[in-house]
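First to last, the sequence lines map onto chains A and B. Each residue of the first sequence is one higher than the one before, counting from 12 in my numbering. Each residue of the second sequence is one higher than the one before, counting from 12 in my numbering.
Check before you lean on any hint, since a few could be wrong.
All copies of an identical chain are treated as equivalent in the list; a pair is satisfied when it fits inside any one copy or across any two copies.
Stated by the list, open to error - In silico DSS-like pairs for lysine-lysine, Cα to Cα no more than 27 Å straight-line:
id	residue 1	residue 2
1	LYS93	LYS111
2	LYS124	LYS97
3	LYS111	LYS124
4	LYS111	LYS97
5	LYS93	LYS75
6	LYS75	LYS151
7	LYS124	LYS164
8	LYS164	LYS111
Hints were generated in silico from the structure; no laboratory data involved. Since this is a predicted model, take the numbers as computed values, not measurements.
Number of protein chains: 2
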Amino acid sequence: MRITPVLITLALSSVAQAAPVDIPASPNGIAFPADYADWRVISISHRVDNHTLRMILGNDVAIKAARNGQTNPWPDGAILGKVVWKEAAEVNWPTAIAPKAFVHAEFMFRDSKKWTENGTGWGWARWKGADYTPYGENAKIEQECIACHTPVKGRNWVFTTPAAFPAVVK
Amino acid sequence: MRITPVLITLALSSVAQAAPVDIPASPNGIAFPADYADWRVISISHRVDNHTLRMILGNDVAIKAARNGQTNPWPDGAILGKVVWKEAAEVNWPTAIAPKAFVHAEFMFRDSKKWTENGTGWGWARWKGADYTPYGENAKIEQECIACHTPVKGRNWVFTTPAAFPAVVK
Chain A
12 MRITPVLITL ALSSVAQAAP VDIPASPNGI AFPADYADWR VISISHRVDN HTLRMILGND
72 VAIKAARNGQ TNPWPDGAIL GKVVWKEAAE VNWPTAIAPK AFVHAEFMFR DSKKWTENGT
132 GWGWARWKGA DYTPYGENAK IEQECIACHT PVKGRNWVFT TPAAFPAVVK
Chain B
12 MRITPVLITL ALSSVAQAAP VDIPASPNGI AFPADYADWR VISISHRVDN HTLRMILGND
72 VAIKAARNGQ TNPWPDGAIL GKVVWKEAAE VNWPTAIAPK AFVHAEFMFR DSKKWTENGT
132 GWGWARWKGA DYTPYGENAK IEQECIACHT PVKGRNWVFT TPAAFPAVVK
């Protein structure tokens, strides 16, 4: 049996990059951003209509843009992640509402040249539950995202306003 | 006039580390952690009693501990930051409550050997408002923090439970 050097290289590299291989891509072809839990935070919210708490995280490009006010449009390469949990009262401080069961993580990927067809310049994807099951059966998932975000079309399709972190250097 | 190499080095290094010099230390001697906005997020909460939203951030030691379940006690070197804003409804999604005016940033610094005198093994400090004014007039600020945190004495004085980020590698 012969094993070519190419195959050996592939096998080694799949061990080294173990993280993303377990999570299937979104039906529209977007890969799961496996490092999202290491991103910094742009803002947070509490949806009192569906009783969920949300972190809005950003990759490095998004964080830099948020801090520089470059959010309409966001720059190409920015990724925004919204991480959602069911709410629960803190046992030791019941008027504090905090995250409990993980619901899903959903993302907007800014690429104004790639995502022209859906009319937004963003790629959209969601992974549900503790096993990060890709949401939706085909690329129509994007239309569902976009319909919901239409009220903020004039804000480059983004609901979130970056939370104010006062600058440290005056 | 002679300038010694030591003085030149100090001058250069104070330029290079510009950030912290503008913010006064807490009255109990704790320095402001000027890089806190770059820390990753441990959890969030919505205090419906005083209408504030909160991010609970952690330095690298705290993030590692949170992910490994090492939170009772937290390891020495861990710093937890609670960043607080007044709440406001999102204009474009009014049932989403989001951060508006910055209120303060407060911190717990874990050092079980240094902070024995206050009985908690944590140093406590808060900086208020957009100019990060140190809170309190003397080391008694710690007693105020500790009094409020007494219900969670058995949780190493910490209210926050790290939010569940499902592991990416199964």
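Hints and how they fare:
For the identical chains of this complex, LYS93 and LYS111 are neighbours both inside a copy (15 Å) and across copies (18 Å), given an alpha-carbon limit of 27 Å. In the homo-oligomer, the alpha carbons of LYS124 and LYS97 never lie at most 27 Å apart, since the shortest distance is 36 Å inside one protomer and 38 Å across protomers. With identical chains, the CA atoms of LYS111 and LYS124 are never at most 27 Å apart, being 38 Å at best within one copy and 33 Å at best between copies. Taking the shortest alpha-carbon separations for LYS111 and LYS97, both the intra-copy value of 5 Å and the inter-copy value of 22 Å come in at or below 27 Å.
In the homo-oligomer, the alpha carbons of LYS93 and LYS75 lie at most 27 Å apart both inside one protomer (17 Å) and across protomers (22 Å), since each shortest distance falls under that limit. Neither within a single protomer nor between protomers do LYS75 and LYS151 lie at most 27 Å apart by alpha-carbon distance, with minima of 31 Å and 38 Å respectively. In this homomeric assembly, LYS124 and LYS164 come within 27 Å of each other (Cα to Cα) only inside a single copy, at 17 Å, whereas the closest approach across copies is 54 Å. In this assembly of identical chains, LYS164 and LYS111 lie within 27 Å of each other by CA distance solely across copies; the values are 22 Å between and 31 Å within a copy.
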